[in-house]
Amino acid sequence: MDFEVELNGEIEEAEIVALYRANQWSSADKPEPLLLALRNSHTLVTARLDGELVGVGNAISDGHLVVYYPHMLVHPSNHGQGIGRKMMEAMQSVYSGFHQQMLTADAEAVEFYKALGFERAGKTEPMWVYLGTEH
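So the sequence shown is numbered by our numbering: it starts at 5 and just counts up by one.
These are computed hints drawn from the structure, not numbers from a lab.
Just so we're clear, the structure is a prediction, and the values are computed from it rather than from any experiment.
Keep in mind that the hints are not guaranteed to be accurate.
To be verified - Per label pair, the in silico range of CB-to-CB distance:
1. L135 with S100: 17 to 27 Å
2. G121 with E36: 33 to 43 Å
3. E36 with I64: 26 to 36 Å
4. G121 with P74: 10 to 20 Å
Think of the CB as a built atom: it goes at the ideal place given N, C-alpha and C, for glycine as much as any other residue.
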């Protein structure tokens, strides 16, 4: 299965909403701010299979020391095919030397990110203003 990973590629609302809905992320219910957020990220990564969007991720960064990866999604029917790993490799081509690389992971994503070298930072606790059901 050949997929193409691209940094700062084009995205369309319908395909983004479909991908977020497939992953049951509530951001799909806010398409306009979601598109603005993704398009205005420091870096955006997309993965396409035969031209169809199967993965997306973004980075928010100061461009020098710190990067935060808020979204990294792969269509559920494409999990386990190396797409997420390739998208993170693309992000690492931009951010590998940064002082801090941060993300928040839950459920099965924790093991995925551990396999990529991410770990809990000391005794830190994730904190946010959060309704508990939003992604």
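Going through the hints against the structure:
For L135 paired with S100, a C-beta distance near 34 Å fails the hint of 17 to 27 Å. Range check, G121 to E36: about 35 Å between beta-carbon atoms, so the 33 to 43 Å window is met. Distance hint check for E36 and I64: the Cβ-Cβ separation is about 18 Å, which falls outside the suggested range of 26 to 36 Å. Checked against the given bound of 10 to 20 Å, the beta carbons of G121 and P74, roughly 19 Å apart, stay inside it.
Taken one by one, the earlier hints fail for this structure at numbers 1, 3, listed in ascending order.
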